[in-house]
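Q: Single-letter residue listing:
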Amino acid sequence: METDQLISTLAADNAHRARPVGSVLTLSLLLAAPVSIVIFLTELGVRPDVMTAMRNPFFDLKFAVTLALAIPAIAISLHLSRPEASLRGWAWLLLIPVGLLVAGIGGEMMMPQRPPMMTRLVGRNAWNCLTSIPLMALPLLVAALLGLRHGAPTRPAVAGAIAGLLSAGLAATLYASHCTDDSPLFVATWYTIAAALVAAIGALAGPRVLRF
Amino acid sequence: MREREDEWTGLMRSAISGDDAAYHRLLRAVTPVLRAAARRGLTRAGQPADQSEDIVQDILLAVHLKRHTWDASAPFAPWLFAIARNKLIDALRRRGRRVFVNIDDFAETLPGEPAAETVPAGEVEAQLKSLPARQRDVLQSIAVDSASIQDTAKKFAMSEGAVRVALHRGLANLTARLRGQ
Numbered sequence: 006m007e008t009d010q011l012i013s014t015l016a017a018d019n020a021h022r023a024r025p026v027g028s029v030l031t032l033s034l035l036l037a038a039p040v041s042i043v044i045f046l047t048e049l050g051v052r053p054d055v056m057t058a059m060r061n062p063f064f065d066l067k068f069a070v071t072l073a074l075a076i077p078a079i080a081i082s083l084h085l086s087r088p089e090a091s092l093r094g095w096a097w098l099l100l101i102p103v104g105l106l107v108a109g110i111g112g113e114m115m116m117p118q119r120p121p122m123m124t125r126l127v128g129r130n131a132w133n134c135l136t137s138i139p140l141m142a143l144p145l146l147v148a149a150l151l152g153l154r155h156g157a158p159t160r161p162a163v164a165g166a167i168a169g170l171l172s173a174g175l176a177a178t179l180y181a182s183h184c185t186d187d188s189p190l191f192v193a194t195w196y197t198i199a200a201a202l203v204a205a206i207g208a209l210a211g212p213r214v215l216r217f
Numbered sequence: 425m426r427e428r429e430d431e432w433t434g435l436m437r438s439a440i441s442g443d444d445a446a447y448h449r450l451l452r453a454v455t456p457v458l459r460a461a462a463r464r465g466l467t468r469a470g471q472p473a474d475q476s477e478d479i480v481q482d483i484l485l486a487v488h489l490k491r492h493t494w495d496a497s498a499p500f501a502p503w504l505f506a507i508a509r510n511k512l513i514d515a516l517r518r519r520g521r522r523v524f525v526n527i528d529d530f531a532e533t534l535p536g537e538p539a540a541e542t543v544p545a546g547e548v549e550a551q552l553k554s555l556p557a558r559q560r561d562v563l564q565s566i567a568v569d570s571a572s573i574q575d576t577a578k579k580f581a582m583s584e585g586a587v588r589v590a591l592h593r594g595l596a597n598l599t600a601r602l603r604g605q
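Taken in sequence, the protein lines are chains A and B. Numbering-wise, the numbering used here puts 106 at position 101 of the first sequence, and it's gapless, one number per residue. Numbering-wise, the numbering used here puts 459 at position 35 of the second sequence, and it's gapless, one number per residue.
Among the hints, erroneous ones may be present.
As the list claims (entries may be wrong) - Just the calculated beta-carbon pair ranges, DEER-fashion:
(1) B:R468 with A:I101: 41 to 47 Å
(2) B:R601 with A:L209: 20 to 26 Å
(3) A:G27 with B:S438: 22 to 28 Å
(4) A:V55 with B:R601: 33 to 39 Å
(5) B:R437 with A:V107: 44 to 50 Å
(6) B:S441 with A:D54: 40 to 46 Å
(7) A:S91 with B:S441: 43 to 49 Å
(8) A:T136 with B:R428: 52 to 58 Å
(9) A:V103 with B:A557: 51 to 57 Å
(10) A:G27 with B:P499: 19 to 25 Å
(11) B:M425 with A:G111: 49 to 55 Å
(12) A:V107 with B:E427: 46 to 52 Å
Claimed, not checked - A few chain A residues that face chain B, going by a derived Cβ cut-off under 7 Å, partial list only:
(13) H21
(14) G27
(15) S33
(16) L35
(17) G156
Said to hold, decoys possible - In silico lysine to aspartate or glutamate, DMTMM-like type, Cα no more than 25 Å apart, as pairs:
(18) B:K579 with B:D569
(19) B:K578 with B:D443
(20) B:K579 with B:E427
(21) B:K553 with A:D9
(22) B:K553 with B:D474
(23) B:K579 with B:E549
(24) B:K579 with A:D18
(25) B:K553 with B:D514
(26) B:K553 with B:D569
(27) B:K553 with B:D575
(28) B:K579 with B:D561
(29) B:K578 with A:E113
(30) B:K578 with B:D561
(31) B:K553 with A:E113
(32) B:K553 with B:E584
(33) B:K553 with A:E7
(34) B:K578 with A:D65
(35) B:K579 with A:D54
(36) B:K579 with A:D9
(37) B:K578 with B:D444
These are calculated hints, taken from the structure and not from any lab test. Just so you know, even glycine gets a beta-carbon here, dropped at the ideal spot from N, CA and C.
Excised from the complex, chain B in its bound form (with noise of 0.2 Å):
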């Protein structure tokens, strides 16, 4: 557990130089710690375990847009599990119930535990239909349809940079969205 954790500090260290592709394997190295974290919580809230994809999306999101208030001489993990515990509570909450989250849901994951069956996500498909049409194409484009950012821009007669500002605000928007829910 040590040494995944300090790979993931070294990841995120990559990725803040500017390694996308070290970015990408973290997102997708922690995505199985934090699904198996929310479904925990959910379970003990007396939820459907199975509901979990939306909140590990939701903790991405935050992951994404809060990046710059991690201290990268100091290890991810506490980092990661403070905001994932974070989002974890507050879904929780909004589906009513009173919870306790223990910083240990996320510390205690094996990784080698098996992939659970989950319902897909819906809420964040669902806002992205709400954003500004602009911010909605370039977001489907590159989300949806796997387009990188140069052929979006290719295809939309935009400019790389403007395709760039509409994904970030797109994202933001999102979070805010959901948050807003």
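Same shape as in the complex, but just chain A (with noise of 0.2 Å):
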């Protein structure tokens, strides 16, 4: 076919309208949730005293740092799925959960009684924090990827990294429900540990499947 010929034919197709790339990812996202929620639900579940921790400001910031995880890089990467885009002016909005945590840790050590630092920091459900956080990111990373597949990413394994991000902050919302490990330290350490993880998994994933 003449590149003549492929023009024509791309211009009697100018009236076909793809859908926003926002659109499609929420759309996906929105078909995984379930998937998690259903692994959240069996497997965990919401802690029993869940009334009384909602007094505890701890318990309400780790839902304030997975959100203030999940939310911009949901904008993060449906700015890169511009194929023209960079991290560039973007990559402060991640710094928004680590400040959150850095109040957190300031605002324990301020507190008189406090459980020893070792204490706060190990809690009693790292591992299960380290597994289920990932288990539970892993359905929302592939409707993320398959969502952004719709954009144009140029740079794909960064692209990757970040909806490991936004699908470990979601997935991260859930099990917070559930931990009764509170602590800013031990959010800080394993919650960044089961995040870290995902967002490594997207970024081998992003090559492979954000190519266009």
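Quick one: dock chain against chain with the hints and give me the complex.
A: As structure tokens, this is what we get:
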């Protein structure tokens, strides 16, 4: 086929309108969310003392941190689905959850009666945290990558890593309502390792899945 | 050059609001620039420059299928060159070279550059044969026989809507096959 013929053919298809990447990403995340929620309900469940826990600001902080990871990561993924986009001007958004954690750790240091640092850091659920967050994140990561395929990311490893953070943030939001370790030190350690793991999987999958 | 790029942006805006002729003009206008950049990329990778046409067609297909990722409030050229650069790197990598493509390869092109000899593209043509029959027939009719959507619909006793669907699916499938080869 000659290039002029191809051009005429493409022009003939001009009426076709693709959905915006944002709506495809939202749809695929909504389709995957029930899978993660079923894993959560069957394997973990909400902690029994949730009503009292809600009066503990450190319990609430966990949700602020996980959502402050998930929501900016969604925004950055959508930004990176444009071919000319780079992280410049956007990466700082990922510092929001870090800032919240630092503030939380600082706040906890001020508390007069606090358990020893190592007890807070190691907690009781470290292993559970490291396995449950990636497990619940995986269906969301697959959905996010499939949704982002609709875009045109030219930095697929970075876009994949951000998709990993997005799904880890959402999965960690579920997990936070199960876990009885509320210390910001625990969150800063184990949630971070879990999210980094999912981000690494996303970074490895990105160049394979997101090529266009 | 600035004027040229502003013109592209204007044409693309018209194209998106439904002006097929503007879209056709835009694709014709960017093709020589893409061709020159592909030739430079091939030369730099130590490949024969006359193999550029497959890369040009590959870029045009990607531009078409990903144009919904262009933000109509942004200039068109950076978006176009990002797509083109990505496709060029991909194509050179498939040919087995590690390469670096400079973004200036695209921007530097002078509008008046003479047309160079190129080998006709073969990859799209080859993949066309492997498409499902209906998509292939519709694409052949519109691309090779230059039939309109209306004429193609009459010829195959299809509705115009079905022709449009087959056309778009055919183009998307072609691109997927080119990527997988």
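Q: Would you list, in rising numerical order, the hints stated earlier that this structure does not obey?
A: As far as the earlier hints go, 4, 6, 7, 14, 15, 16, 20, 29, 31, 34, 35 are violated by this structure, in ascending order.
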